[in-house]
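S.K.: Listed here are the chains, written in short residue letters.
Protein chains: 2
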Amino acid sequence: MSMSAAAFFAGFVLDRDSGEPAYHQLEEWLTGRIRSGELPAGTALPPEREIASTLGISRMTVRQALDRPVRDGLLVRNRGAGTSVGRPMLVGERGRLGGISDVVARQGRDSVTRVLSLDELEPPRDIARELGLDAASPALRLRRMRRVDGEPFSLETSWLHPIACARIADIDLNGRSLFEALTNDCSLDLTEARESVTATTLDPFEADQLTLSPGAPAFRVRRTTLADGDVIEVVSSVIRADRFSFEASIQRTDTDPYRPTPQLAQETL
Amino acid sequence: MSMSAAAFFAGFVLDRDSGEPAYHQLEEWLTGRIRSGELPAGTALPPEREIASTLGISRMTVRQALDRPVRDGLLVRNRGAGTSVGRPMLVGERGRLGGISDVVARQGRDSVTRVLSLDELEPPRDIARELGLDAASPALRLRRMRRVDGEPFSLETSWLHPIACARIADIDLNGRSLFEALTNDCSLDLTEARESVTATTLDPFEADQLTLSPGAPAFRVRRTTLADGDVIEVVSSVIRADRFSFEASIQRTDTDPYRPTPQLAQETL
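Chain order of the listed sequences is F and Z.
For the first sequence, the positions run 1 to 269 when my numbering is used.
For the second sequence, the positions run 1001 to 1269 when my numbering is used.
Calculated from the structure, these hints are not laboratory results.
There could be a bad hint or two in this list.
[As the list claims (entries may be wrong)] Pairwise CB distance ranges, derived in the manner of DEER restraints: (1) D208(F) to Q1107(Z): 19 to 27 Å; (2) A1166(Z) to L116(F): 54 to 62 Å; (3) S1137(Z) to G80(F): 16 to 24 Å; (4) S4(F) to D1230(Z): 33 to 41 Å; (5) D1067(Z) to L116(F): 16 to 24 Å; (6) G19(F) to G1042(Z): 46 to 54 Å; (7) T1253(Z) to S18(F): 39 to 47 Å.
Just so it is clear, the structure is predicted and the values come from calculations on it, not from any experiment.
Yeah, the Cβ is synthetic: ideal placement off N, Cα and C, and Gly gets one too.
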């Protein structure tokens, strides 16, 4: 049973003079409630017709307001059974070294990786340079697919240093953490990483692998991992954005700008 | 003048047995070069016809390989003048408190914000709760558009505490940093923030404001800023992803898992 539209949208006030289209105001309000956890996974939305008549807007406007949240995976359209709030996200803590296996484990979720391919081939020039390899030298390329809670979650392509990570070629990585294998099987002391996160959309191949639609939003994470000061891995991952967010707690440091000056504080007294 | 396709794609080897479609391999190779900076902004790609014949693939495959990089803004299709590499990204350093104005200034780029609206109204319940306000109490809502280097960059909606940030209602924020104004005009000592980053796609309204196409990838950043332990601002930003990436340097800490155990290290000797 879904809540009545009047109860559901009790806090929503449409501002008709703001220059912001009605569908966008409704969408922002709704996704804010979902992201804050106020509307938990599985919550059923009232029927579109009822939302429209309650808020005094057209069904088209309601539909437009739901379009992107559906594409982003915040809402799920159930065939013949209306629209409901999608599953909660995994939260990546920024600034941790452990990789996704670690994030997943710490949140009590289940993560399994499957090896799609492992070959030895010449990496692109920028990756060869990062790994400190000569132009024609091959590296190990490991392609994996990760499932979280049984559902496709990310595609990961790792380029591994051919000497430091040589033992990776001999072991079965299915279901194992690569970090753990590099530590225990290759005896590498992984001490630091550099990470770059961009937002992208899925192309048809990735969408097919991740069982989503092309054009769905995704994170592209490129990560360089160092052991004893040397780069031993460059990994590029595509992570579906409806199942993942990055969170951070930030404390002011000495290099941050803006702090009250005593003079100004006095002026305001 | 563009480089010949043979020279341009010298390092690219198509793996026909990998199960990964040709267009996807080409796209990965190409976007890797762009993201690494090997192909700087403005670099012209060889004509699609020439790429196809050089690599022994169809023009359709070449076109497919360029589709997403164009949508993501990594490549730009110039009417009648082929395809070239798009403009470089701003890099957000994670874990800094200063906000986007600070990031932009530190990279020697030019950022200007324009106030779209500033009103006093009842915030959504989750935001009222975060700001520590009673149910019916109004807050200040500030909507701004930021341009970087003259180009639309982000849309930002800030909910500000009506008492702590009261002076914001009386000053002209056009062109100023909100952080700076909160510090100097409201005498607030901004000490920490919590930030959550998700990936999304632009809806038609946002796309129009940011002069992009609906469906282009974007970051959604939700940030809660604290002064002396109290939440004084909750801001939600939509940032175009073709102009921004988040970077982080990560050092192993005591709470990270996986480090070589002395026994295992010995076994491998």
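S.K.: Hints broken by the structure, by number, lowest first?
M.R.: Hint check: 1, 3 and 6 fail, others pass.
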